[in-house]
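Note that full-length UniProt numbering numbers the sequence shown so that position 25 is 25, with each residue one more than the last.
In short, the hints are calculated from the structure, not lab data. Some hints could be false.
[Claimed, not checked] What follows is a list of derived Cβ distance ranges for each label pair: (1) 124 x 183: 25 to 33 Å; (2) 178 x 139: 49 to 57 Å; (3) 78 x 49: 35 to 43 Å; (4) 177 x 124: 16 to 24 Å; (5) 145 x 193: 42 to 50 Å; (6) 37 x 8: 29 to 37 Å; (7) 142 x 186: 13 to 21 Å; (8) 106 x 48: 28 to 36 Å; (9) 190 x 141: 22 to 30 Å; (10) 133 x 37: 49 to 57 Å.
The model shown is predicted, which means the values in this text are computed figures rather than measured ones. Glycine residues also receive a C-beta, built at the ideal position from the N, C-alpha and C atoms.
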Amino acid sequence: SFLENGVEYVESIEYRISDETVQKVYNSCAGIQHTQTGRPAMDLGCGAYNAKTCDYRKWYAFMGDVSGDYVPFQITYMWSDDAEEGSDEEYLRVFPLDCSERYDDSYACACIDCPESCPLTDAPTGPDELWKIAGLYGVTFIVSLTLGLIIAVAICWGSLGRTAPPNICMPTLFGEFFYVGFRAWGTFCAKHPVLVLALCSW
């Protein structure tokens, strides 16, 4: 303290407080969102630190720093965890409520400011596992196998219907292959439209 015009003024104080108390106070405020910016309030309320790098000691050190605009005198916090073993010094110990709890004639913090206040719901689940065959979805495997069998049968049927092998070049052979295969597939689809639509839309 110091005297000025015969009046004694406080110049600085040392405030002994328990780490557990301050940790609970900090935890109850750490999630508050600044309404104007939409950012955590600790981005603005922890001095040179932001919400990610701030902790309870840095927060209290900032609030007790006399260089701040709203601190009338230096407040130096003395932490219980730093006390020497066997020390008989007393430290303030209070038990503030969590942000999800409320004091009398008051309200708990909202969900946006306090994750513990958010309603609990069942965790989302993914879709049921589809059955697979050889690493492929079952429907895909069956459709592919069916198409392969139809094309194979069409080729064999076309080959058996010939009395003598034609003397044709390779491009014509491939053209005949696709012609027979797609003709058989088209005929099958035309005769069984309901079955084809059901398989394709599964």
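Hints, verified against the model:
no., hint, result
1, 124 x 183: 25 to 33 Å, "violated, 49 Å"
2, 178 x 139: 49 to 57 Å, "violated, 25 Å"
3, 78 x 49: 35 to 43 Å, "violated, 21 Å"
4, 177 x 124: 16 to 24 Å, "violated, 49 Å"
5, 145 x 193: 42 to 50 Å, "violated, 20 Å"
6, 37 x 8: 29 to 37 Å, "violated, 42 Å"
7, 142 x 186: 13 to 21 Å, "holds, 20 Å"
8, 106 x 48: 28 to 36 Å, "holds, 32 Å"
9, 190 x 141: 22 to 30 Å, "holds, 25 Å"
10, 133 x 37: 49 to 57 Å, "holds, 55 Å"
Hints 1, 2, 3, 4, 5 and 6 from the earlier list are contradicted by this structure; the remaining hints agree with it.
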